[in-house]
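Given the coordinates of chain A, work out where chain B should sit on it, guided by the hints.
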Amino acid sequence: MAATLPPPRLLPSGDSAVTVEFSRTIDDAANQRVLALDKALAASAIDGITETVPTYRSLLVHYDPGKIGFDALSEKLLPIASQPLPPTAKARRWRIPVAYGGEHGIDIEDVAKALKTTPDDIVARHTAGDYCIAMIGFTPGWSYLSGLDESLQMSRRQNPRLLTPAGTIAIGGIQTGIQCLAGPSGWHLLGRTPVRTYQLHRNPTFLTEPGDRVTFFAIDHKTFEEQDRAAEAGEIIAEQVVT
Amino acid sequence: MSRLVVGSIGPASSVQDGGRPGAQRYGLTPSGAMDRMALAAANTLVGNEPFAATVEIGPFGATFTAKDGAVRVAIAGAPRNADIAGQAVAIDTSVTLKDGETLTLGFARGGAFTYLAIEGGIKGEPVFGSLAVNARAGLGSPYPRPLQADDELAVDAASGAPELRIELPKPSSDPIRVVLGPQDDEFDDANKALFLDSEWKISATSDRMGYRLEGPAIKHLHGHNIVSDGTVNGSIQVPGNGAPIALMMDRGTSGGYPKIATVITADVGRLAQTSAGTAFRFKAVSVAEAQDEAKKFAQAIRALPDRLRSADTVALNIEALSDANVAGHAVSAVDAGTWQVAAEP
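Those protein sequences? They're chains A and B, same order as listed. Our numbering numbers the first residue of the first sequence as 1 and each following residue consecutively. Our numbering numbers the first residue of the second sequence as 1001 and each following residue consecutively.
Accuracy of the hints is not assured; some may be wrong.
So, partial list: chain A residues that the calculated Cβ filter (under 7 Å) puts toward chain B [stated by the list, open to error]:
| # | residue |
| --- | --- |
| 1 | L11 |
| 2 | D47 |
| 3 | G48 |
| 4 | T55 |
| 5 | R57 |
| 6 | P65 |
| 7 | F138 |
| 8 | W142 |
| 9 | A233 |
Everything labelled a hint here was simulated from the structure, so no lab data went into it. Ideal Cβ positions, reconstructed from N, Cα and C, are used throughout, including at glycine.
Excised from the complex, chain A in its bound form (with noise of 0.2 Å):
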């Protein structure tokens, strides 16, 4: 039997959250233990937990004091989130598309011209990444994608934009992010996806969850317009790919 990881710092979040604690710093490790711990205590069904948010390096588990206190869910949390990860599950896998550069991605020439190159390399270099949805938050549907290429890994800008376009992805600091609503965002912008990860009339409402896999891919901008049309109307336009 594999003998148990070191056991996360479980740091009180007030007296009806607790945030269980991997790492510091961002760390594809910790955020494997994230998700591991996520769906074990979906599956444990300890009572008194009423929701779970993953983040890159913490679980932040909600509950209800007058169910559970925190020194009895202390201890149902700290055995199962010191388990050996379990062998990896097949994760979901999105192929999402995206309309590179021009009015979609007004980063792009940029980001080539600081790292160098050209856009159509920043493209290939984007599209050839292998993703995890480390974690959703901010605003509905906002996917922070692990495993961006380190060689695209650049400071965010110094003057966050007030207004970016829903479906916008960017890269910021040495994550890559698929952002469903219209909002403030610091990332630079390399281009727009018709997916909505985040639909209020769609079943179902998200698409994405924490542990999905991402690959991108290039689409042109008319194919983006057409696209766009048919997810406003409610089509799930991202591919699943069964592996």
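Just chain B now, with coordinates in the frame of chain A:
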């Protein structure tokens, strides 16, 4: 079916209920009433479930007119002058608007949010079980935005039930209690003490997303960028400028600033009702104490029906009582006017 028509209404007023927890893992914030006890008290007065949808009215005034029939309502939360055609309506009471009558509410006199509950609730299409407005995500029903003049709420016709008042404990002015952490180790002892021992004021630029705190700058040990992790109602994060922000009901589900402390569940509503400019302090308590208080808070909400009294038995001078309640908590129209609408950060 009757209608309640909005006449005038200030910003920061929206339909709110118990909120929509359960989808924070997808980035959807729960929203919901800023003061859950006041929400529950207003609903209890008209026989609703405690967390049914109400109108959460910000510091400005508002008017509501009954159409197509009588409408029974109740107000609780921040005290303010209220009347129907010059006839005063007390806070923490129910009242029935006859067809065509208008309820006029003045500015909040201390506190920030008053809850207008309507017998039978507000008709709408729940999203994830809630009508609560989340302006950023475009959610909420019947309007996915703060209320505006001429908006109409579909409501039940008044039942004719006798009017009630509710006897609530006097609002506490004790320090706002917090549990330190989850990232209190990002601050040294001197800065933790500075946070706990200083007097704070709520900035006028606060909104349903977060309350900015004015006081001394709190310094971090290792800089202000941590890797994002999950937030809760009442998380107090400290950005680079050292001015803490208490995250409220429309918060982002994750945040990347160190969180020095978390307001306890039982005190989040009290913090929400602290007027801009009013001085207050924090006090650290243990998780165990905070959880005892959370249980008592939940029990107090369940027991609200025991506090109902017939409106006929009012033996108090309402005006003297409300003056006593708001002494020292006056908020000027100018202060109230600087409150931001959630949709305009």
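Each hint, compared with the structure:
Hint status for L11 (chain A): holds, given a least beta-carbon distance of 4 Å to chain B, under 7 Å. Evaluation of the D47 (chain A) hint against chain B yields a violated restraint, the C-beta minimum of about 15 Å exceeding 7 Å. For the restraint placing G48 (chain A) at the interface with chain B, the shortest Cβ-Cβ distance is roughly 11 Å, beyond the 7 Å limit, so the hint is violated. A cut of 7 Å between beta carbons decides the hint on T55 (chain A): the least distance to chain B is about 5 Å, and the hint holds.
At a threshold of 7 Å, the smallest CB-CB gap from R57 (chain A) to chain B is about 5 Å, leaving the interface hint in force. The restraint placing P65 (chain A) at the interface with chain B holds, with a minimum CB-CB distance near 4 Å, inside the 7 Å limit. Interface hint at F138 (chain A): satisfied, since its Cβ lies 5 Å from the closest Cβ of chain B, which is below the 7 Å cut-off. For the restraint placing W142 (chain A) at the interface with chain B, the shortest Cβ-Cβ distance is roughly 5 Å, inside the 7 Å limit, so the hint holds.
Taken as an interface hint, A233 (chain A) does not check out: its beta carbon lies about 18 Å from the nearest beta carbon of chain B, beyond 7 Å.
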